[in-house]
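From first to last, the protein sequence lines stand for chains D and C. Counting from 1, one number per residue, gives the positions in the first sequence under our numbering. Counting from 1001, one number per residue, gives the positions in the second sequence under our numbering.
Just to be clear, a hint being listed does not mean it is correct.
As the list claims (entries may be wrong) - Across the chosen pairs, the derived CB separations fall in these ranges: (1) D:227 x C:1393: 44 to 54 Å; (2) C:1346 x D:198: 58 to 68 Å; (3) C:1008 x D:184: 39 to 49 Å; (4) D:191 x C:1086: 37 to 47 Å; (5) D:183 x C:1197: 17 to 27 Å; (6) C:1392 x D:262: 43 to 53 Å; (7) C:1346 x D:378: 27 to 37 Å.
By construction, these hints were calculated from the structure, which means they are not laboratory data. The beta carbon of each residue, even a glycine, is placed where N, CA and C say it ideally should be.
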Amino acid sequence: MPLDRRDFLKYSALAVAATSGMPGFLARAATQATGQKTLVVIQLTGGNDGLNTLIPYSNGAYYAARPTIAIPKKDVLTLGPDLGMHPSLKPLMGLWDAGQLAWMENIGYPNPNRSHFASMAIWHTADPTQAQAEGWIGRIAEKIGDPFCASNIGSSTPQALRAAEFSLPSIDAVDNFQVKLPAGLEGAFGAMLDAPRSGEADYLVRATRQMMSNTQKVQANVGKYKAGATYPEGKFATQLKDAARLIASGTGQRILYVSLGGFDTHAGQRGEQDELLATLASGLAAFQTDLERQGVAERVVVMGFSEFGRRVAENDSAGTDHGQGSVMFALGKGVKGGIHGDSPDLEDLSLGDIKYKQDFRGVYAGALTGWLGLNARDILGGDFKGPQWLA
Amino acid sequence: MTLTPYSRPLTAEDAAHLLRRTSFGATDAQIRVLVGSDARTVARTLLSFDDAVAPNNPFDPAQAAAPGAGLQLIRARWLFEMLYGPHPLRERLTLLWSNHFVVGTDKVKNVPALTEYLSVLRKHAATPSFSAFALDVARTPAMLRYLDNDQNRNGKPNENFSRELLELFTTGIGNYTEDDVKEGARALSGWTFTGGRGNQKYLEASKFVFNPKQHDNGRKTYLGKTGNLTGEDVLALAAGHPATAVFVARKLHRAFVADAPAEAAVKGSAETFARTGGNIRAVLEELLSSEAFYASRAAVIRGPVDFIAAAVRSFGSPKMEPKQLLNLVQTAGRMGQLLLQPDTVKGWDGGREWINDTTLLGRMQLAAALSLGANAPTLDTPPTPLALLGTERAATAAALNGLSAKQRTYLMLISPEFQLA
Chain D
1 MPLDRRDFLK YSALAVAATS GMPGFLARAA TQATGQKTLV VIQLTGGNDG
51 LNTLIPYSNG AYYAARPTIA IPKKDVLTLG PDLGMHPSLK PLMGLWDAGQ
101 LAWMENIGYP NPNRSHFASM AIWHTADPTQ AQAEGWIGRI AEKIGDPFCA
151 SNIGSSTPQA LRAAEFSLPS IDAVDNFQVK LPAGLEGAFG AMLDAPRSGE
201 ADYLVRATRQ MMSNTQKVQA NVGKYKAGAT YPEGKFATQL KDAARLIASG
251 TGQRILYVSL GGFDTHAGQR GEQDELLATL ASGLAAFQTD LERQGVAERV
301 VVMGFSEFGR RVAENDSAGT DHGQGSVMFA LGKGVKGGIH GDSPDLEDLS
351 LGDIKYKQDF RGVYAGALTG WLGLNARDIL GGDFKGPQWL A
Chain C
1001 MTLTPYSRPL TAEDAAHLLR RTSFGATDAQ IRVLVGSDAR TVARTLLSFD
1051 DAVAPNNPFD PAQAAAPGAG LQLIRARWLF EMLYGPHPLR ERLTLLWSNH
1101 FVVGTDKVKN VPALTEYLSV LRKHAATPSF SAFALDVART PAMLRYLDND
1151 QNRNGKPNEN FSRELLELFT TGIGNYTEDD VKEGARALSG WTFTGGRGNQ
1201 KYLEASKFVF NPKQHDNGRK TYLGKTGNLT GEDVLALAAG HPATAVFVAR
1251 KLHRAFVADA PAEAAVKGSA ETFARTGGNI RAVLEELLSS EAFYASRAAV
1301 IRGPVDFIAA AVRSFGSPKM EPKQLLNLVQ TAGRMGQLLL QPDTVKGWDG
1351 GREWINDTTL LGRMQLAAAL SLGANAPTLD TPPTPLALLG TERAATAAAL
1401 NGLSAKQRTY LMLISPEFQL A
């Protein structure tokens, strides 16, 4: 008999708490109501160049700063009088035309950090002071008391999904996400896990038990899914397909996290970024089509970010170095399409970079409060105003 | 303050602890040979490795028929050395340094460049001079390419290498300014390489060159020093900075003592680093024979490569088919550690980050393949709890009663005790 989500949480949380001393918040999971809406976070790792993503094509300063790598005006996909998209993003034009694609301009945070790792940690923890070790999604898990409220699709868990005591699940491939214990060892395996332990050994036992309950949950549901779109080749699209599969089969995560890397374009940027943006756009377009066919498009939005933008002026390697402010995007039927924010000011720069005008935590706050129905203040540790990017 | 030496003769569990940390793992017999030895003498012996390599390594990247095959062969050749080589500590250190001075095969695919990079890491594995090591690795075409210094020219700097030199290779963040990054890039301008460019030339050798025409000869101020600084000056200043001693000492403690090392002990090693002018061998000899080292058991979560090498070496390094070894390279990748290709230039953080649902499943599958699988290596003597778990009194031991030898091996490999060093 398949368990429904509520039964499952009750069962697994109680079992886990009773047998392994999992943190108390897990035991509360069964009492929490769960929402129907899902947020899909897309991370563009390496520092995506916002200026060549959403292009200020009517601004002469843009072309002056980038004699080699600027996107010629004739190639820009026009969205308005000042801004347009990189031609590789063409698969997203249908969503734009339908009012389901939002761009947010000049996004950043106070005292910008140009280190990949420091800046990524700031986005992951939603804490520019870098005092917090827990991720913003990990904190959601703690607040709502659900150890399965979010999953990363991939093989290593980003800091965003780390809670104080453990990490939220990483699912590399849904089909392989199951325990196959060799016959005759169930009893010995249980006895081995039951032995008293402390420190890192205890951590490994708790992680193993949590993994066992997560895999049971996923496998109980995912058989129902049949893809409703043809996804492009490649890891990113395959991961989006797994995300669609988890959503459509009702495994119950509120947040799914997918990453696309390679945006650190210090040299030969055009070739590299053009290809990455094409991968991004073709994957997301297929994902959105699939969600429509599954009948779940109403309850999913996608929110995308990168740890920073890049220097306005190109370097001598036909690339760009680390910068500050950049763009975010969101798409889906729940999104208020359009451009939120002004075209970047290329005359008033900070150390050669675009100044941020909108705090990314305001965008997160919209997702938390407006989409997931959570208290953003509790999770972000403050009130952050941002663009009204949800419909 | 230096570290307090460990003064007692080694017990079997002490020796097992030492070998799981320094040699990936060892057989029961290899462990017992060290019982009664003096900690300092053993540490010195372990560190006195030469350049001998495993005989009959079946993998030769110079024979690769395509760039992708070249990378696989480089990884497999290295894994073979870890599993069968005469100096596992040298390979353990090479792995550590490849996760410090990171280059990634997402960008660097040239076979001779990667081979040379690895040989520089091996040569300096327990270097008497961290400064000389940093300079040598900075000039490898692999690093010049990976962090774009080959594109760094007078008047048109590329800051990538200059930034990571400070942030990740020497002082760590918080010890330099954005101006230091910019000035460092000016001083490093003109360092590039010839040959071996482009995917088609993946077997062509490349060589460091200094191009004076593209070097910025002006005055620069870097980490508080002003003058007509060169790339060599910048490497020496960064490597010799006081913060570098602490930063590198913490890396060594994370590899050999604990995922969350005690800062007081790190400081002890940092002082030894500073006092000896960055002598890594001296720092390690002291560290590997210290109270702090022997007091910290089961405190390092083994990474995927360590997991594999630990299993195979604890089995007594049985013969495996080249195809199986190539598969192990890929398996390590699926568990989160594809050799020479961490996700970013920061390298793998390790510790609890090795562990998530997917990687735990991968470890269980790998353990089954190595113990119960149809192609599992044939063992003359099954590995003992001392070899696999590091102790004969492990919590897991009671669960093993009544199982076959292969089942016992499987269960021990997936136990928390095996997964920790």
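Mind checking the hinted window 58 to 68 Å against the Cβ distance between residue 1346 of chain C and residue 198 of chain D?
-> violated (30 Å)
Do the beta carbons of residue 191 of chain D and residue 1086 of chain C sit within 37 to 47 Å of each other?
-> This hint holds: roughly 39 Å between Cβ atoms.
That 39 to 49 Å hint for residue 1008 of chain C and residue 184 of chain D (C-beta), does it hold up?
-> holds (42 Å)
Distance restraint hint 27 to 37 Å, applied to the beta-carbon atoms of residue 1346 of chain C and residue 378 of chain D = For residue 1346 of chain C and residue 378 of chain D the Cβ distance comes to about 30 Å; the hint holds.
How does the Cβ-Cβ distance of residue 227 of chain D and residue 1393 of chain C compare with 44 to 54 Å: does it lie in that range?
-> holds (52 Å)
Within 17 to 27 Å or not, the Cβ separation of residue 183 of chain D and residue 1197 of chain C?
-> Roughly 54 Å apart at Cβ, these two residues miss the hinted range, so it is violated.
Per the hint of 43 to 53 Å, is the separation of the Cβ atoms of residue 1392 of chain C and residue 262 of chain D within bounds?
-> For residue 1392 of chain C and residue 262 of chain D the Cβ distance comes to about 48 Å; the hint holds.
In the structure shown, a violation is registered for the earlier hints numbered 2 and 5, in ascending order.
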